[in-house]
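Asker: Protein sequences, first through last, are from chains Z, B, G and H.
Under numbering that gives the first Met the number 0, the residues of the first sequence are numbered 0 to 411, in order.
Under numbering that gives the first Met the number 0, the residues of the second sequence are numbered 0 to 411, in order.
Under numbering that gives the first Met the number 0, the residues of the third sequence are numbered 0 to 411, in order.
Under numbering that gives the first Met the number 0, the residues of the fourth sequence are numbered 0 to 411, in order.
These aren't lab readings, by the way, just hints derived from the structure by calculation.
Accuracy of the hints is not assured; some may be wrong.
Same chains, same names: a pair is fine if it fits in one copy or spans any two.
[What the hints assert, rightly or not] When the alpha-carbon atoms are kept at most 20 Å apart in a straight line, the in silico EDC-like pairs for lysine to aspartate or glutamate are as follows: (1) Lys234 with Glu195; (2) Lys352 with Asp254; (3) Lys350 with Asp120; (4) Lys101 with Glu195; (5) Lys228 with Asp119; (6) Lys101 with Glu54; (7) Lys101 with Glu247; (8) Lys101 with Asp4; (9) Lys101 with Glu91; (10) Lys334 with Asp35; (11) Lys101 with Asp246; (12) Lys350 with Asp119.
The structure presented is a predicted model; accordingly, all values stated were derived computationally and were not measured.
4 protein chains.
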Amino acid sequence: MLRLDQHATGHHFLQIPGPSPVPDRILRAMSLPTIDHRGPEFGALGRRVLSGIREVFQTQHPVVIYPASGTGAWEAALVNTCSPGDPVLMFETGHFASLWQKMAARLGLETEVLSYQGADDQLPAAPGWRRGVQADLIEARLKQDTAHRIRAVCVVHNETSTGVTSDIAAVRRAIDAAGHPALLMVDSISGLASAEYRHDAWGVDVTVSGSQKGLMLPPGISFNALSPKALEASKTARLPKAFWAWDEIVAMNADGYWPYTPSTNLLYGLAEALDMLREEGLANVFARHQRWAAGVRAAVNAWGLPIQCADPAVYSPVLTGVITPPGVDADALRKLIHQRFDLSLGTGLGKLKGRMFRMGHLGDSNDLTLLAMVAGVEMGLKLAGIAIAGSGVHAAMDHFAAHPGAALTPLA
Amino acid sequence: MLRLDQHATGHHFLQIPGPSPVPDRILRAMSLPTIDHRGPEFGALGRRVLSGIREVFQTQHPVVIYPASGTGAWEAALVNTCSPGDPVLMFETGHFASLWQKMAARLGLETEVLSYQGADDQLPAAPGWRRGVQADLIEARLKQDTAHRIRAVCVVHNETSTGVTSDIAAVRRAIDAAGHPALLMVDSISGLASAEYRHDAWGVDVTVSGSQKGLMLPPGISFNALSPKALEASKTARLPKAFWAWDEIVAMNADGYWPYTPSTNLLYGLAEALDMLREEGLANVFARHQRWAAGVRAAVNAWGLPIQCADPAVYSPVLTGVITPPGVDADALRKLIHQRFDLSLGTGLGKLKGRMFRMGHLGDSNDLTLLAMVAGVEMGLKLAGIAIAGSGVHAAMDHFAAHPGAALTPLA
Amino acid sequence: MLRLDQHATGHHFLQIPGPSPVPDRILRAMSLPTIDHRGPEFGALGRRVLSGIREVFQTQHPVVIYPASGTGAWEAALVNTCSPGDPVLMFETGHFASLWQKMAARLGLETEVLSYQGADDQLPAAPGWRRGVQADLIEARLKQDTAHRIRAVCVVHNETSTGVTSDIAAVRRAIDAAGHPALLMVDSISGLASAEYRHDAWGVDVTVSGSQKGLMLPPGISFNALSPKALEASKTARLPKAFWAWDEIVAMNADGYWPYTPSTNLLYGLAEALDMLREEGLANVFARHQRWAAGVRAAVNAWGLPIQCADPAVYSPVLTGVITPPGVDADALRKLIHQRFDLSLGTGLGKLKGRMFRMGHLGDSNDLTLLAMVAGVEMGLKLAGIAIAGSGVHAAMDHFAAHPGAALTPLA
Amino acid sequence: MLRLDQHATGHHFLQIPGPSPVPDRILRAMSLPTIDHRGPEFGALGRRVLSGIREVFQTQHPVVIYPASGTGAWEAALVNTCSPGDPVLMFETGHFASLWQKMAARLGLETEVLSYQGADDQLPAAPGWRRGVQADLIEARLKQDTAHRIRAVCVVHNETSTGVTSDIAAVRRAIDAAGHPALLMVDSISGLASAEYRHDAWGVDVTVSGSQKGLMLPPGISFNALSPKALEASKTARLPKAFWAWDEIVAMNADGYWPYTPSTNLLYGLAEALDMLREEGLANVFARHQRWAAGVRAAVNAWGLPIQCADPAVYSPVLTGVITPPGVDADALRKLIHQRFDLSLGTGLGKLKGRMFRMGHLGDSNDLTLLAMVAGVEMGLKLAGIAIAGSGVHAAMDHFAAHPGAALTPLA
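So here's chain Z without its partners, still in its complex pose:
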């Protein structure tokens, strides 16, 4: 009999780059009794989360909350803005950028994918999966599109498969420099509420996000943050849409309700998560993730293993991808670590399958839980017979000890 409430050795360390470890406060909030989604209490809840989520996206405009997981929000962004056959320009930063492209193609859009242009670096996978979006390539391509056929530019903010956080403001500047009317649509599923993100200031038209990363919720709800231009575009876009249609949701959200049944208990969790983020302050939240990431990278560097992200300017604060030595099956290593130490790491996805693993540093983590993760990986590397240059645990300890986090709030 499968027990849901116990792991093999007790506490499980969920250190994948999302779903992130969920704080107790949120799990508890989610277990409150479900209420009537048409009653007065729900309206108050709805208005509260709809207002709070705007602060997190740093937007003055509507954010649509779907009772569906993140992949649904990708689809929503496309079907609300595009018509059959519309060209969309994408940039291949990793596996999730590829998946979004495949979805767009499946929905009947004409997808064009830009890839990294630059020196190869002899490491596994396309070199583009180690770097951020090259905005200049986007600008050049848009300039060629003198007919302005391209409907949207779609990029991934924090590429969860690689640990690379692209410069979204630069993409906006590229579009503007090209004088092109394309919408800017950004996947920040794993970036939001961990890495700095400014929907309005960066001129994004649609930001797609999900609950199970920086918002620290379980998966199950997802988001489209909109711009006025995106809302305008949705009025004429002709891809069929009903469940995902923004119009009815935005209209009913004015009072805090939804046109159909929302995911009430995940909204309880969201209300709690928004409280936590507001109490800490977004700037502190971002700094906290940067500090964690630096500590984990110190460990990887000490091991002498390559970090998947080859450009320090775009290291992800959310996760760190680690490339295993030639001949080493990263998934066999992950399995060993899972079985011996009750520690889950992220797998290598797509082109990176078996060649790397991913360490998440988000959600309900702190110095000691991250050191536990690093220790688990280091023991696993040794047990697997993988030579390491030095101790990652020591490097991470040195980093955390030398760099205290923001002033901690005493609890009483």
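Starting from the known structure of chain Z, arrange chains B, G and H on it as the hints suggest.
Answerer: This is chains B, G and H only, laid out in the frame that chain Z set:
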């Protein structure tokens, strides 16, 4: 400050026809820590719920579980089976049948709606909203469609807006009698796991359902139960689909996984709900709801108020609609009851707005919670100055006392 | 296999006069991770509950919180104030008064019990178990004790076995009128936080209470509220004491700590309970219980069954005892009701065994849960073939409908 | 405002030697609704825990469960077996042995304390606080007591203040060798369910234990395991007793009930804990703690710091005491570690105040949580400027990697 964990007077009675009151066992299960949806523990969970849910639909064929609320599963049924402009035949049994029709039209299908044919009964709303699907009208219409253009017949099993449970087997016989190849698609969002339902035996091609009714979960996940014929149809259907596409989900479900992030914590709740249903036995579950419904109808009859469902053969075991006297605003009554007694009742929807209210008898209920509901309504009727013929509370007490439930299992 | 998380029919109605139904807020608080009882967070918790509990006792003096259930607090009151062989004067108001007397005798005290003096009323049990403490008898007895040997007068505030709430201020006046130095020790285990109680204003020296009644916690912690005179007496009292000794606890409580391990998770629940009481205001709390009690008594009167408490001036706001007709085994009735309706009622204790049952109206209750209880009892009476004069449910409904509770706080 | 549900950095590491980190399964069980302690469900629960707890004590005789924390169970052992002025022989192994002695003296017993006889080792504190009970000293003393006045020999099994686990069977042999009728009373508050313990086989008359250590519960309930000889002794012992009296409890326990209100929700937790221990098997439980302890000691040895326990034969599997270098305030170190890393360590008690700290390895722990603790201590040592010989983290990692735990049960 909105408190999520407390109502005005303490315990709230959620007696709408879904979301239903969620048993503690399920709320607790849902609050367990989220696990890796790509890890071995998840596969075991996935296989467990995918197997268990088939028992509830009484099917040997795949059941797709979406990380999206019920309206999404309506869309999924349509986009997987239909091509742009396909005619679909629907039957207007109430508000939800109408909403499904509007969705189909919005997705670009050609919808045709059959309505009740029979004597009017002078009560509010179209008389068709008081009775079940008339299968003979469907048979007649399909016989006219000699070109077999009609792609699907779409009906609602348990119409949540009215409290009418249609005879689905009769609809299948009608299609067969017409010798028509149309798919039979059924919404049993509020019927499944409360009212008898047999996906395979009744020859249904797609059954749509949700989590927040008979399955006793919060809203947030939903279902498509499939037939081989529906799966075959999905291979050539040309409405755009990606998130809802059956093919990838069914393929990955073989091992207990999903192509994208599932709603892990609601699946925990589903695992617990399936255990509860299996422990009790489906036949006992259905009998329990029938007994509850009879007790509540006894109360309504004692009050002398008309029941929305005019045909005793199709009374819903899940909810009972009650028509308020002319001139009485049912929503004002509901508001009074909510404020005074912390009791939520279902509103009149669409054509019935303000003319009726709905009493749910599903989820975590028992004789005493239902009597509490009946008492709350009776006090509200009196406070609102609505004349009643007799005591509904007494009638329900007499019913429950005279008809013991199935042998109760001692706990130890 | 015994399941702890499910009852035979779902929701169980725990309507005994304590342990009371525990609000979800408190159960959740109790399930938070245990902390170090010597760490800084604990000190803050300790100071918070020690301060808050004084408000509930309405005292400026120390309240000792024991990690032990209520019977322990009885013992604590005695061993801290008495020496072997000390005479203590008690008043037999019911079963719990008798048990406290037995404990005192077992601990080596010389107990003297005053009993009701007045007309007999032909109903079961000693007539004294239907009325409150007669302060004039206490005064007379103390006046006889010219040597001032009597160490303490011990009375029960709210006698849980009968539903009688004695006038404690009158007992203080009697002691003063006698000019006697005896300590006044009061058991308000089931009165505190439901019935008005004023430790300081009423001149009580030791008040004994527990967690599982008006404080709405599970059982497991208990209280001694002290007066300066009691503290002074404890310095010379010679009964052996260690675990119960006030001196070390009061000294360490100054900083929020305990000399030994406290019951941390029940203190979490206490912190939550104190918040709830403060949010509502004690006056509202007392009024709420009075209103509930009046509604339940209306039901009992309608049935035509005698209420155990024969003096309306001392009806308990916490519980109502109901005397069953001659020849009816009250416990067989209780068993029938438990089995058929998942409703627990209090048994007749001591002299009242089998002759009465007790209905609790405390804890996480509201109009509808109390009506559910009344309905369950009424069905049980009929099923047991007990003739009733009229409908208790109607009487209670009429009372609750005609007497709205205090203005309810909107939740948002 | 003090938040109970959040620590400064998120997850808190409670690594004191009890209360131990409580598994989620137990916290959840404890938050179930309270039931009637006189109802049929409670009887089933009572019988279940009373039976299960005997397995843990490895006894065929009654185990009394008190609704009081562990210090109460010390008192219970004494007041049930002794009469005023009875001599009791104790052995000073550490702070808790001293506290038990003080309690006995306060209760009016004549206490005699044996102390370590052997070479001093120049390290802080009496050398006896670094070693186990010396059974030969007990034997010699008992032989002198030819009048057999000594009523009981009281020893501590696992001395929580030092991390020393004495040989209880040797004490029994000593008493027998002396031909002395004294009762053997053992405090295994922090040993039970972590360190091997055999109440019957070792001839113990009363074993005292608590909930918040190896049983992994929060504090609040405690235990007396009895022998027939102890039960016999209680019939004539003359210290006053009521709450603690075995007779009434043992009598009522036969049916699964208590004479007064038990701590229902902690008994829920106990039921869950007993399930967990039975599922794993006691032998595996003991081996698990031994393996953890060896890993932690490897760390301390690598640091070059002395372990408080000077005799490897009696290293505690539950906790490890670490002596800080001369001039270093161990409590200042603990405070630094708490503030920087949200890690609680045990303080030095009594004679050891400020000279050592204690690392707990019990409760809901595993390799990675223990490595997190070790890492937190190691960072703290460095931040405090304390020189260490080598890396404790590495030593512990090497130990855990080289010594896999018992075969882990796959979850599905």
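Asker: I want to check one pair: lysine 334 and aspartate 35. Are their C-alpha atoms no more than 20 Å apart within a copy, between two copies, both, or neither?
Answerer: between (44 Å within a copy, 13 Å between copies)
Asker: One pair to classify: lysine 101 and aspartate 246, alpha carbons no more than 20 Å apart. Within, between, both, or neither?
Answerer: between (26 Å within a copy, 15 Å between copies)
Asker: 20 Å Cα cut-off: does lysine 101 pair with glutamate 195 within a copy, between copies, both or neither?
Answerer: Neither. Shortest intra-copy (27 Å) and inter-copy (41 Å) distances fail the 20 Å Cα cut-off.
Asker: Please sort lysine 101 with glutamate 91 into within, between, both or neither, judging by C-alpha distance up to 20 Å.
Answerer: within (11 Å within a copy, 38 Å between copies)
Asker: At most 20 Å between alpha carbons: which applies to lysine 228 and aspartate 119, within, between, both or neither?
Answerer: The answer is neither: 38 Å in one copy and 50 Å across copies each exceed 20 Å.
Asker: Measure nothing new, just compare the shortest in-copy and cross-copy C-alpha distances for lysine 350 and aspartate 120 to 20 Å and report within, between, both or neither.
Answerer: within (15 Å within a copy, 63 Å between copies)
Asker: State whether the alpha carbon distance between lysine 352 and aspartate 254 is at most 20 Å within one copy, between copies, both, or neither.
Answerer: between (46 Å within a copy, 19 Å between copies)
Asker: Have a look at lysine 350 and aspartate 119 and pick one of within, between, both or neither, based on CA distance no larger than 20 Å.
Answerer: within (15 Å within a copy, 66 Å between copies)
Asker: Is it within, between, both or neither when you check lysine 101 against glutamate 247 at 20 Å Cα-Cα?
Answerer: between (28 Å within a copy, 13 Å between copies)
Asker: How would you label the pair lysine 101, aspartate 4 (within, between, both, or neither) given a Cα cut-off of 20 Å?
Answerer: neither (37 Å within a copy, 43 Å between copies)
Asker: Using 20 Å as the alpha carbon limit, work out where lysine 101 and glutamate 54 are close: within a copy, between copies, both or neither.
Answerer: Neither: 31 Å inside a chain and 34 Å across chains, both beyond 20 Å.
Asker: Tell me, please, which holds for lysine 234 and glutamate 195 at an alpha-carbon limit of 20 Å: within, between, both or neither?
Answerer: Intra 31 Å, inter 43 Å, cutoff 20 Å: neither.
In terms of the numbered hints stated before, the structure departs from hints 1, 4, 5, 6, 8, listed from lowest to highest.
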